[in-house]
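Please model the entire structure based on the sequences and the hints provided.
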Amino acid sequence: MSVPVLQPVGRTFLGSLESIGRLALFTLKSLLHCLTPPFYPRLIVKQMIEIGFYSLPVVGMTAVFTGMVLVLQTYVAVSRLNAEATIPYVVVISLTRELGPVLAGLMLAGRVGAAMAAEIGTMRVTEQIDALRTLSTNPFKYLIAPRLIAAVLMLPVLVGIADVIGVFGGYLVSVYKLDFSPHIYLKNTVDFVETIDIVSGLVKAAAFGFVVALMGTYNGFQSRGGAQGVGKATTDAVVSASILILAANFVITGIFFSR
Amino acid sequence: MTDLKIKVRGLKKAFGPKQVLNGVDLDVPRDKSLVVIGGSGTGKSVLIKCILGLIEPDAGSIEIEGQEVVGMKTAEREDIMRKFGMLFQGSALFDSLPVWENVAFGLIAGRGMDRRSAKEVALRKLAAVGLGPEVGELVPAELSGGMQKRVALARAIAVEPEIIFFDEPTTGLDPIMAQVINELIVKCVRSLGATALSITHDMHSLRAIADHAAMIYEGRIIWSGDAKAVDNSGNAFVEQFVQGRAEGPIRMPVRPL
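Taken in sequence, the protein lines are chains A and G.
Here the first sequence stands for residues 1176 to 1434, where the numbers follow this note's numbering.
Here the second sequence stands for residues 1328 to 1584, where the numbers follow this note's numbering.
Take the hints with a grain of salt, since some may be wrong.
What the hints assert, rightly or not - Result set (DSS-like, lysine-lysine): computed pairs, CA atoms no more than 30 Å apart in a straight line:
1) 1514/G with 1446/G
2) 1204/A with 1555/G
3) 1514/G with 1204/A
4) 1407/A with 1376/G
5) 1400/G with 1345/G
6) 1407/A with 1446/G
7) 1446/G with 1339/G
8) 1514/G with 1400/G
9) 1339/G with 1514/G
10) 1410/G with 1446/G
11) 1221/A with 1446/G
12) 1514/G with 1359/G
13) 1204/A with 1359/G
14) 1400/G with 1359/G
15) 1514/G with 1334/G
16) 1334/G with 1359/G
17) 1359/G with 1376/G
18) 1410/G with 1400/G
19) 1446/G with 1345/G
20) 1204/A with 1376/G
21) 1345/G with 1376/G
Stated by the list, open to error - If you want the footprint, here are the derived chain A segments under chain G, 3+ residues with CB under 8 Å:
22) 1298-1306
23) 1339-1349
Unchecked claim - A few chain G residues that don't get close to chain A, going by computed Cβ distances all over 10 Å:
24) 1368
25) 1421
26) 1455
If you're looking for bench data, these hints aren't it; they were derived computationally from the structure.
For every residue, glycine included, the Cβ atom is placed at its ideal position computed from N, Cα and C.
In structure tokens:
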């Protein structure tokens, strides 16, 4: 009687291994095509605009409100200890190390990863990817590589901008609501922040950009079965990218800051 | 030089437990138009995709001009692909690109032609299928089904392929537009001196474009011969299909209401 119980467990386990293997092969193939010619610079620039420029509003809004909330929350905690001067440090280190890259990554998983999965998934189910191959064009070179390259390059730029906007949000609340000195707030921000804080955040951003583009293109590329398949691919792209971003964040933080 | 452009032997393909191709043998003569007929789900599209290299067969042999392509390395396969043009059933136009760029795609991305020259070729090919230069600036979503088919045909012939594949070229079109597409196929194939392999279940299309015909049933070629002989094949399966009869050796799994 144990066989009917074990069969689905075994099937699920083998299915998971197959999925991991498929994703690993897709990743290797994608990386190979990112590094070998021919390249499509027009498509890379187009994707950089799509990922970078058009994501600025959502990433900027996220950063400014995060910076503002950080100040309000931190003020409640540190004012009991008369340590208000540490607020700029808490804001800038939280944003550059963690909140900037993670929130920008999650926002892009929703905005860009979903769009990639939907577009490539639709191309898959309408035979446009097959059409590419019959026109002597490798889909990995034409569809996958430009998106991966653009995402890896643009997410650090977005995070850099988000860091500045987030600090500015904190500055606004500190100065205009909590009556901090503008000069001291900015001086403390600049004095406290270290290169490693910024570099670790930008490295995370590049890794998260890779994760977002990889999961978006992978799920789109694997989609089957019409509109329902494309919908599932889109959902899977966002969910898997979000989880992988949080996991990668833990790993990269460990690499940079564990003692 | 062999007289066969494409030679298929013992081709098998299964998806899970379903055996779609079960030992297909097929010869496509050089510079001729062969049409494979068969009902829905008999493996026509899988057959054409195996020959194109879009699906890897489980077993069997496919020779293109005497060269075995099953198991070929990707780079070599891409070279072989340059000989091909393909008209997809749903047209498969790239909806993010304007019409002229769809037609010129194989020239720009596949062959490295500069955009200006490629656009000139694309507009000439659009004219050859009866579409004016103004259509070139539209996007595929702005076109009717018949116009999309014509654009797809222009795209298939733009790189002047040696072998052109047509997957259900008239499906979903009204009879007049279907005949227009059939005549364009004949014109384009003849002007290029190309070999054509089509799959369809439209008998009007077969009579209009085929030199030779074959019928696929349950994953095998059960009859092949001259296209003119299709009405007098002496094969009960072919006769039932050609006459469109519900009664005969081909049984549909339909239960009474």
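Hinted pair residue 1334/G and residue 1359/G, Cα distance within 30 Å:
At roughly 13 Å apart (the allowed maximum being 30 Å), residue 1359/G and residue 1334/G satisfy the hint.
Checking one constraint from the list: CA of residue 1204/A to CA of residue 1555/G, max 30 Å. Satisfied?
Measuring from Cα to Cα gives roughly 48 Å; hence the hint is violated.
Decide if the proposed pair is consistent with the structure: residue 1359/G and residue 1376/G, CA atoms, cutoff 30 Å inclusive.
holds, 19 Å
Are the Cα atoms of residue 1204/A and residue 1359/G separated by 30 Å or less?
Roughly 38 Å separates the two Cα atoms, so the pair is violated.
Between residue 1514/G and residue 1359/G, does the CA-CA distance stay at or below 30 Å?
holds, 13 Å
Starting from residue 1446/G, check that the Cα of residue 1339/G is at most 30 Å away, please.
violated, 41 Å
Assess, step by step, whether the Cα of residue 1514/G is no farther than 30 Å from the Cα of residue 1446/G, and give holds or violated.
holds, 22 Å
When I compare C-beta atoms, does the stretch 1298-1306 of chain A have three or more residues closer than 8 Å to chain G?
holds (count 6)
Given as non-interface: residue 1421/G, partner chain A, CB spacing beyond 10 Å:
violated, 6 Å
Does residue 1368/G really sit off the interface, with its C-beta more than 10 Å from all C-beta atoms of chain A?
Given that every Cβ of chain A is farther than 10 Å from that of residue 1368/G, nearest at about 16 Å, it holds.
Hinted pair, alpha-carbon criterion (30 Å max): residue 1514/G, residue 1204/A. Please report holds or violated.
Distance of about 41 Å is beyond 30 Å: violated.
Assess, step by step, whether the Cα of residue 1221/A is no farther than 30 Å from the Cα of residue 1446/G, and give holds or violated.
holds, 20 Å
In summary, the structure is inconsistent with hints 2, 3, 6, 7, 8, 9, 13, 19, 23 and 25 from the numbered list given earlier, while agreeing with the others.
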